[in-house]
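Residue numbers (this note's numbering), protein chains in the order written: chain Y, 1 to 215; chain A, 1001 to 1260; chain U, 2001 to 2233.
Hints may contain errors.
Result set (SDA-like, lysine to any residue): computed pairs, CA atoms no more than 20 Å apart in a straight line [unchecked claim]: (1) Y:130 to U:2104; (2) Y:130 to U:2094; (3) A:1199 to A:1254; (4) A:1196 to A:1256; (5) A:1184 to Y:186; (6) Y:130 to U:2103; (7) U:2035 to U:2221; (8) A:1172 to Y:64; (9) U:2129 to Y:207; (10) A:1172 to A:1184; (11) U:2129 to Y:131; (12) A:1184 to Y:182; (13) A:1184 to A:1166; (14) Y:10 to A:1051; (15) A:1122 to A:1152; (16) U:2111 to Y:122; (17) A:1199 to Y:182; (18) Y:130 to Y:25.
Hints are computed from structural coordinates only; laboratory data are not their basis. These numbers come from a predicted model, not from an experiment.
Listed below are the residues making up each chain.
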Amino acid sequence: MIAYISVIMKGITVTLGAWLLTSCASLLIGTLLGIISCRYLGSAKLISIIRMYTFVAKGIPAYVQILIAYFIVPALLGVNIPAFAAACGALAFCSSGYTTEIMRAGINAIPRGQWDACATLGYPLSAQLKRIILPQAFKTIAPALGGELEQLLKSTSLLATIGITELTRTGMNIISRELNPVPVYLTIAGLYLVFSAMLGAVLMYSERRFLYGQR
Amino acid sequence: MKVIKYLLLAIVCILAGSFYFFRTKSKSKKDGNTLVVGIAAGYAPWVSINAQGDYEGFDIDVINAVANTMNKKLVLQDLGSMSALLMALDQNKIDAIIWGMSITQDRLERMAMVRYQGDTVKSFPLLFWGKIPNNIITINDMKNMTVCVEPSSSQDTVLSKYPFINTMPVEKIDDALLNIQYGKADAAFVEPAIAKKFKNKYPEIQSLDVPLAPENQEFGVGICIRPADKELIKGVQNAVDALLQNNVIQEFEAKWGIGS
Amino acid sequence: MVNVKNLTVSINNQTILNDVSCSLLPGRITCFIGKSGAGKTTLLKALVDLVYITEGEIVINNTQLNSLSYSKRSEEIGYVFQDFNLFSNLTVLQNCMDPLRVHGLNVNDAKKRALDTLEQLGMKDYRDKYPSELSGGQQQRVAIARSLCLNPRVLLLDEPTASLDPINTAQLVTILRALRANKLIIGISSQDMNFVKKIFDRVYYIEQGKIVELCDGIEYVNQCKAIQQFIHE
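Using the sequences plus the hints, can you model the full thing?
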């Protein structure tokens, strides 16, 4: 196993890089769509369009979405999409279905009075969202968002579907060469646990910051 | 709302710009002097990634030699799985596949396969951990027993003819080793080359040969090419013939412990 | 002065306010009384554009309300909600500073103005507390401070005593009298007649979305039959 340290490090880099990219994209898209489809701002037509988006994003398995993104979309559009971009794009699309629902629920949970107070105090919409609504929404949805980001970390193993050598595939490659599945699987599991623990620590810190005077 | 609309517009522009940036004609990566070959690492000794992060294995040595013989620049594309390899070949993303693919009647109906290694296989091995149970003489004695097999493989097709056997699909054939070692399955049904690899590492593995009907027999392993690519088929065939004649492939077999 | 002319508000095809005309005067506290659902809160909300006005106009010191930007409107009219609606993610000081920062004041000036206002309302010592750590009366004072920080000419309070005990109600009366002395235009909707009796200069009685009676001074209250009937119900 020690001999394979450099390929393992490369696998870790690919996994963490993919996770960072997909989680940023998922959070950005989810926040945007969650905002524009919330009860206070969204029209009925817009909300149903976004509901359709989340239905498709959540309804198709991520594995299938990756294959579609890498094989079918380029064929239809006549473009060449690199494997890493296709896989990360597909994962981000799939995850954004969940983050949109989470964000929308969090924003809808903010009492109407907060929006009204912002309006009577002359806040423009951007200030309402940035200073009051989103910080309060994050307090409610932080655990759910954290769960989705943790799930996304493990979903990066699906990148192996189209040949990207992330951490899990690196382990499988080592097993095929050394035929030592138990230590390899345990090592891979341990590494994922380390990443999850780091993410968990960040989430716990964020949740504590959102207590706003409650103990 | 205006800010959000502008942000959405910006995202759409970035995506459209990315498509423009990535747009290429589907064949632009490939030209007359390049041979793009699909592989899937993680199947030692055929194809795997070594400790330095480079692709190596019997298939890698063979395809490098084929490309050199044809005076073409080799481009390897790791696609991770059989389904991805076949899709890429269909879509003209790659010129050929080299992945220790057994030549079967079924596959020959769908694509051209240039044999580069192996003889006709008339039986597949059933692997047992430790002693083969006394009452098992042939596969027909294995009623209600559980056997690991890789889905959609040649072994899977053969096993479907024995409905009294419980099939346990394993995504990676190396996982079959875990299953028989820890008693999750009674046996594993694998390629002869895989059986040889397992037995070399673990002498406690015993095997039982299962004879194959003519339609299930394999005729070695081959490089897969689209049937319409007649020129490429001819070029690869000539290269492989030359390498076999000069004992190059045989040397690779000895190097990687493949074959009898 | 605030003039409301022929105001009609319909929500979901239901007429909440029907052709209402009234006025709020500087240095005087105008109360709107009536039963639950009469339209008192809707009238106040119409003045801060929280409900859609079907017909009619609102004029503040000769300026049409709908010609003002939302930013300017908030600097003219302050609104204190029945349930205060303080920003739970901000401290008391931040609740008062943040609107000033949004309106373009720099940090130092915003902080100074916020602290001065909080001190006037006796809440300076609580500046680092969050709203969830305050009592109802304290939250209300912070809500009033938050509105006053923008130096509005009009202050509207919706059912201000709904969640207050008698001691806090007495403190509120003191605060409102002090604001009245500073010539602020104050409008209050309330069902609490004990509180109204202590504080009003003018009182409108609203019933089923219409102004039924105006009592334009404490000296006339015995002559206002509908109001008398409401008080003694």
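Results of checking the hints against the structure:
For the hint pairing residue 130 of chain Y with residue 2104 of chain U, the CA-to-CA distance comes to about 16 Å; that is within 20 Å, so the pair holds. A C-alpha spacing of about 14 Å is found between residue 130 of chain Y and residue 2094 of chain U, which places the hinted pair at or below 20 Å, so the restraint holds. For a cut-off of 20 Å, the pair hint linking residue 1199 of chain A to residue 1254 of chain A stands: about 17 Å separates their Cα positions. For the hint pairing residue 1196 of chain A with residue 1256 of chain A, the CA-to-CA distance comes to about 11 Å; that is within 20 Å, so the pair holds.
Taking the CA atoms of residue 1184 of chain A and residue 186 of chain Y, the gap is near 18 Å; set against the 20 Å cutoff, the hint holds. Of the supplied pair hints, the one linking residue 130 of chain Y and residue 2103 of chain U holds, its CA atoms being roughly 15 Å apart against a limit of 20 Å. The straight-line distance between the Cα atoms of residue 2035 of chain U and residue 2221 of chain U is roughly 18 Å, inside the 20 Å bound, and the hint therefore holds. For the hint pairing residue 1172 of chain A with residue 64 of chain Y, the CA-to-CA distance comes to about 19 Å; that is within 20 Å, so the pair holds.
With a C-alpha separation of about 19 Å, the suggested pair residue 2129 of chain U and residue 207 of chain Y falls inside the 20 Å cut-off, and the hint holds. For the given pair, residue 1172 of chain A sits about 15 Å from residue 1184 of chain A by alpha-carbon distance, which is consistent with the 20 Å threshold. Under the criterion of a C-alpha separation no larger than 20 Å, the hint pairing residue 2129 of chain U with residue 131 of chain Y is consistent with the structure, at around 18 Å. For the given pair, residue 1184 of chain A sits about 15 Å from residue 182 of chain Y by alpha-carbon distance, which is consistent with the 20 Å threshold.
Restraint check for residue 1184 of chain A and residue 1166 of chain A: satisfied, since their Cα atoms lie roughly 12 Å apart, inside the 20 Å limit. This hinted pair checks out: residue 10 of chain Y and residue 1051 of chain A have alpha carbons roughly 11 Å apart, not beyond 20 Å. For a cut-off of 20 Å, the pair hint linking residue 1122 of chain A to residue 1152 of chain A stands: about 19 Å separates their Cα positions. Taking the CA atoms of residue 2111 of chain U and residue 122 of chain Y, the gap is about 18 Å. The hint holds against a cut of 20 Å.
Restraint check: the Cα-Cα separation between residue 1199 of chain A and residue 182 of chain Y comes to about 18 Å, which is no more than 20 Å; the hinted pair holds. Of the supplied pair hints, the one linking residue 130 of chain Y and residue 25 of chain Y holds, its CA atoms being roughly 19 Å apart against a limit of 20 Å.
Of the numbered hints given earlier, the model fails none.
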